[in-house]
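2 protein chains.
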Amino acid sequence: MSGLEGEPHFCDVRVDRLADAQVTIVGLGLMGGSLAGALREQCRRVVGVARRTETIEAALSGGLVDQATMDLEDGAVEADIVVLATPVRVILRQLATIGPLLPPGCLLMDLGSTKGDIVAAMADLPPHVQPLGGHPMCGKEKSGIKVADPALYRERTFILSPLARTSTRALALGQALVQAVGANPLFVEAQRQDYLVATVSHLPYLLACALVSTADATTSADPLVWEIVAGGYRDTSRVAGSDVTMMLDILITNRDKVMAATEVYLSQLEQLRELVASGDEDALRARLSAIRETRREMYP
Amino acid sequence: MSGLEGEPHFCDVRVDRLADAQVTIVGLGLMGGSLAGALREQCRRVVGVARRTETIEAALSGGLVDQATMDLEDGAVEADIVVLATPVRVILRQLATIGPLLPPGCLLMDLGSTKGDIVAAMADLPPHVQPLGGHPMCGKEKSGIKVADPALYRERTFILSPLARTSTRALALGQALVQAVGANPLFVEAQRQDYLVATVSHLPYLLACALVSTADATTSADPLVWEIVAGGYRDTSRVAGSDVTMMLDILITNRDKVMAATEVYLSQLEQLRELVASGDEDALRARLSAIRETRREMYP
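So the sequence lines, in the order shown, correspond to chains S and C. Sequence positions in the first sequence follow the numbering used here and run 205 to 504. Sequence positions in the second sequence follow the numbering used here and run 205 to 504.
No lab work stands behind these hints: they were computed from the structure. Computed from a predicted model, the values in this text were never measured in an experiment. Some hints here could point you the wrong way.
The list treats identical chains as interchangeable, and a pair is accepted whether it falls inside one copy or across any two copies.
The calculated lysine to aspartate or glutamate pairs, modelled on DMTMM-like cross-linking and capped at a C-alpha distance of 25 Å, are [as the list claims (entries may be wrong)]: (1) Lys344 with Glu497; (2) Lys346 with Asp224; (3) Lys344 with Asp439; (4) Lys461 with Asp447; (5) Lys350 with Asp275; (6) Lys344 with Glu258; (7) Lys350 with Glu282; (8) Lys350 with Glu478; (9) Lys350 with Glu501; (10) Lys346 with Asp420; (11) Lys461 with Glu261; (12) Lys350 with Glu258; (13) Lys346 with Glu501; (14) Lys350 with Asp439; (15) Lys344 with Asp321; (16) Lys461 with Asp328; (17) Lys344 with Glu431; (18) Lys344 with Asp224; (19) Lys461 with Glu474.
Work the whole structure out from these sequences, hints included.
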């Protein structure tokens, strides 16, 4: 029927149980390597795809994968699930060409931090592929397979952004994968997730970068500063150590929303500065107390 | 001789060994309560002074002190060392009146986060008191004796700002106290410490507050935001939960230096925003990479 109306016939997934699935993970950095390690005992087979022989060797010797290859086609040809674990704009390039390499009914997921462009590109995949956008809310200030950790996803929120064409069985399989690595699936539409993470994830990165720049431009000329940096600075600057290629792709593919969040932030900081400068202690105390309460409601 | 020239005769300390000392801690919040607990086995006797009966009871039942009182004179009369562990402007008020309450040769220290005003006030203490400014580089986003932790000072830098009138023996005793709680003493002149902590400690507090305000003004209307807040937001906003009275005193007594650091920060963030907005990827990548390297040099 739907074929007669010009709507393509979308293939459904090849397997329903994660335990029966070969999962191929494309990109074996911190995120992909950690996912591979976490899935190893949860599915039939984990295959890793990486560009460099050293990464392949590290994934095999670290027991993160059953098999690893530098050839995407080779890794994808028998996959029941493929997870793209590369920077956002690499994912976009891979989405443009990977379709024909995937077997019918393959579930194609990703771990990209922005979802708008990715979900739009997924909509154009050939009908034999089942796409599902993903974004795990975890990471580290270091990158690469050497810091991969199968426990990375545990207890963390893992956003899933299904498409109109994503089948119920595909969604259930993706959800099973998320739960298998210990994460909590949360369904969020792509534009809404991009708006939320602009403030709670991408903005904190820019703030941390500006703080490191500030210390570098001022106090870092004093050798004592490195002996006195305390927890406040360490924590507030932590995400400035994130992988640059990953963050660059995020900032560029989510630019409008990140810029809007930065505008609000600059105005909030200006207001605080004015309050401190004004010497109006009652107003300053009221503002700082309200902020503290808000933070406590967030993290009771 | 010096008396003939009109210079007062400064009394030296009453004891040389911490193990022989009664240490009186004025203020039993997070900082004072933690210090008391850490010193309990390291000195002859720990006496706590607090304003509220509940605090006294908590300090005694928690085993943080040998004795506790609500009367400052009572707590100070037999003290070999007194540590003021109150907010900066309370310390300033206490310094104005505590002198006559202290026995000859008493070492008077403090834990205030800004040192300029405090060291200036200490210079005016009567000559029978040995003053020594202190600032431990540690804290928590929660306050009060309930979260006191004798391990708080371990492995942390503890700034000591001696005065011209501080004797060698007084300095050695203060240093012994710092080492007894597991901290690392670092001698820094008061103005220099205020400049450094404005950037690495007080500025991060304002930044965290502005981030919480930003989330509150934008995404917090979406209930999903609390499920997706990740480590970046949690860490970057952590110090916004600090005690408001403590932070208010810090911002006010170190206002000029904090304002100067905030100006530099605003300009650094504006520059980053311009780079993101410009779409000049090479320049943005170079800047983010340099910042990442700087952060890695700070925390290898």
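Exercise. Would you list, in rising numerical order, the hints stated earlier that this structure does not obey?
Key: 2, 7, 8, 11, 18
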